[in-house]
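Spelled out, the chains give:
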Amino acid sequence: MGKPKTIIEKIWEKHVVHQEEGKPDLLYIDQHLIHEVTSPQAFEGLRLNNRKVRRPDLTFATMDHNVPTKNREVVKDEISKKQMETLRKNCEDFGIKLADMFHPDQGIVHVIGPQLGLTQPGKTIVCGDSHTSTHGAFGALAFGIGTSEVEHVLATQTLMQERPKTLNVHVKGDLGPGVTAKDLILAIIAKFGVKFGTGYVMEYTGEAIHKLPMEGRMTICNMSIEGGARAGLISPDETTVEFLRGREYVPEGEAFEKKAQEWLELATDEGAVYDRTVVINAEEVEPQVSWGTNPSMCVPVGGTTPSLDEVDHKEDVKRALDYMGLEENQPITSIEIDHVFIGSCTNSRLRDLQKAADIIKGRKVKDGVKAIVVPGSFSVKLEAEKLGLDEIFKEAGFEWRDSGCSMCLGMNDDIVPAGGRCASTSNRNFEGRQGNGARTHLVSPEMAAAAAVEGRFIDVRKFQSGVLN
Amino acid sequence: MEAIKEHKGLVFPLNRTNIDTDQIIPKQFLKRIERTGFGQFVFYNWRFDDNGNKREDFDLNKPQFDGASILLAGENFGCGSSREHAPWALLDYGFRVVIAPSFADIFYNNALKNGIILIKMEESQILEWMKQSEDGAFYLTVDLQKQEIQDQNGGTVDFDIPAYHKEKLLNGWDDIALTLLLDDKIKAYEESTQV
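Protein chains in written order, with this note's numbering: chain A, 201 to 669; chain B, 597 to 791.
Please note that a few of the clues may not be correct.
[As the list claims (entries may be wrong)] Restricting the straight-line Cα-Cα distance to at most 25 Å, the calculated cross-link-like pairs of lysine-lysine (DSS-like) are:
hint, chain 1, residue 1, chain 2, residue 2
1, A, 252, B, 658
2, A, 210, B, 781
3, A, 518, B, 742
4, B, 650, A, 518
5, A, 210, B, 658
6, A, 586, A, 564
7, B, 716, A, 514
8, B, 601, A, 223
9, A, 223, B, 762
10, A, 281, B, 783
11, A, 205, A, 223
12, A, 214, B, 783
13, A, 223, B, 650
14, A, 459, B, 742
15, A, 214, A, 586
16, B, 658, A, 223
17, B, 762, A, 365
18, A, 252, A, 276
[Claimed, not checked] Covered, in the sense of this in silico footprint (three residues per stretch, anywhere, with C-beta under 8 Å from a C-beta of chain A), are these stretches of chain B:
hint, region
19, 607-618
20, 621-635
21, 704-715
22, 759-772
It is worth saying that the hints were derived from the structure and are not from the lab. Computed from a predicted structure; not experimentally measured. C-beta atoms are modelled at their ideal positions from N, C-alpha and C, and glycine is treated no differently.
Go ahead and model the full structure; you've got the sequences and the hints to work with.
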């Protein structure tokens, strides 16, 4: 046996097409996912240079950012409409499979990849979208790229990439009751900052990680980019294999068993060395709420906004508090919200909706709070309806929508108004993200559901333990 | 992309950290299907109020920064979304050089593909230049070949840039054309792995 390797090195080495001293490696791309926002200029570039799509069979397209989540037939914004029509035409002209907004496979690109089984361990996966890191949950090397790189992959099925450094994000111990994968990743980013992963690919390790179901792992890997890493992944295990069994794009029967064996062998070897390791103790993680304008500005729900005397970059913190309409040292549970968004590529899968529904069941959304649920895909929506989750949400006063990126970034009509305050299960609390002047607080689906009921932030564990009814 | 060897320009200091691509170009402007015309939207929510009027308290709107082409910023510039609309907007507005203590990975690649010179520099040096440039009329000359920045008083500071990135910028290389020269290797890879 050779030198022990991390899964990152194993995948990288298998995909190098060409290597030259002093130059980035040329890396083969197994799966290219595209959507309407970051692809039009790439196709335009191909046309201008009379180039073809090298492997349409390794390319899959969907519409997610602009799609309406109600009255889907009516796209009011002409430019949105044109962008989606452009994708349709590009897919037709270049022979690419497209799940358009009426297709049963439609959904947020990072929800449908795993759902269809396009996402598999060991693959290199790219998409013109920074949350492509989501697919790393399966032990794939998956990262977001810009439009020039989209064009490069379309034309050559490869990318020039500098070999990343490896970062072990080790989670010690177990998560406490009522603490979720979302709380864990927010706590990791709060602890290590928004750029600790820059230049690295992260691997999340530790028992707490491998005890998570695939949905939780996707939530974690999804937000790797918020810690600065383009890609974050988790070594495949039996949970990974069982999630993929029977999905549309994975092999069947013996061929599957053979694949599964290969997948499991990709896991990081005992004794492999990372360029850097950080450690967090899972037991110290509590339900999180972000208070500021980047994802590291986050505290336990029992905490307060920071004291200006105790922070670095005081000006930036002051700006964030001002934008958010908050004071220093303000208790999180004193913050009242008027919007709740359950959805996005971070937290819109069936299990996320089930967990939120468990909290909502038999309760009502507080008067004056506008609350929406946007399932991550058409298929998630149907499955949820089979389980009656739609009724639970609707009875409580939530709106039950069609799938899409929706209020995570408000490219469609789902916008938080200026000055509005949203408890959101999405991934970014940047200024203006959910609407110009909108204030975003990042939370788990359970915490969002609890906030909908109370009209302010509350420790969801009080609901779960029966302290509150 | 256009080759760039040297650039002299007016400096605009933006002393904020973690400037994300949502700030560089907000989502409502991502719907266009062209690469051009994004400059008018750069830093939109900082430059304009809800009615589309220029905010007087944002320095880039002040006449002394008209024509600025070198941007100084805080650490982790360009974090967040992978939208290449961010470098397109900066370039279209007129910025050819961004100097910051650190850049986000995806933004770095995107900017490089568009011929923007990104320079990583010690925060202390950037803060000094920010101070000198806060009232405008402060110029820097970036010599990529020599990896040297000269201020208008004749002071010079060296900078590091990976050799390959430097070559790319100096030559304005088209990565796709370069990669297509390796078509045989790609074919061989596809055959051997049966992908």
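Okay, the hints, checked on the actual structure:
no.	hint	in the structure
1	252/A with 658/B	violated (46 Å)
2	210/A with 781/B	holds (20 Å)
3	518/A with 742/B	violated (40 Å)
4	650/B with 518/A	holds (23 Å)
5	210/A with 658/B	violated (53 Å)
6	586/A with 564/A	holds (22 Å)
7	716/B with 514/A	holds (23 Å)
8	601/B with 223/A	holds (20 Å)
9	223/A with 762/B	holds (11 Å)
10	281/A with 783/B	violated (38 Å)
11	205/A with 223/A	holds (23 Å)
12	214/A with 783/B	holds (15 Å)
13	223/A with 650/B	violated (44 Å)
14	459/A with 742/B	violated (52 Å)
15	214/A with 586/A	violated (42 Å)
16	658/B with 223/A	violated (42 Å)
17	762/B with 365/A	holds (21 Å)
18	252/A with 276/A	violated (33 Å)
19	607-618	holds (count 6)
20	621-635	holds (count 9)
21	704-715	holds (count 4)
22	759-772	holds (count 4)
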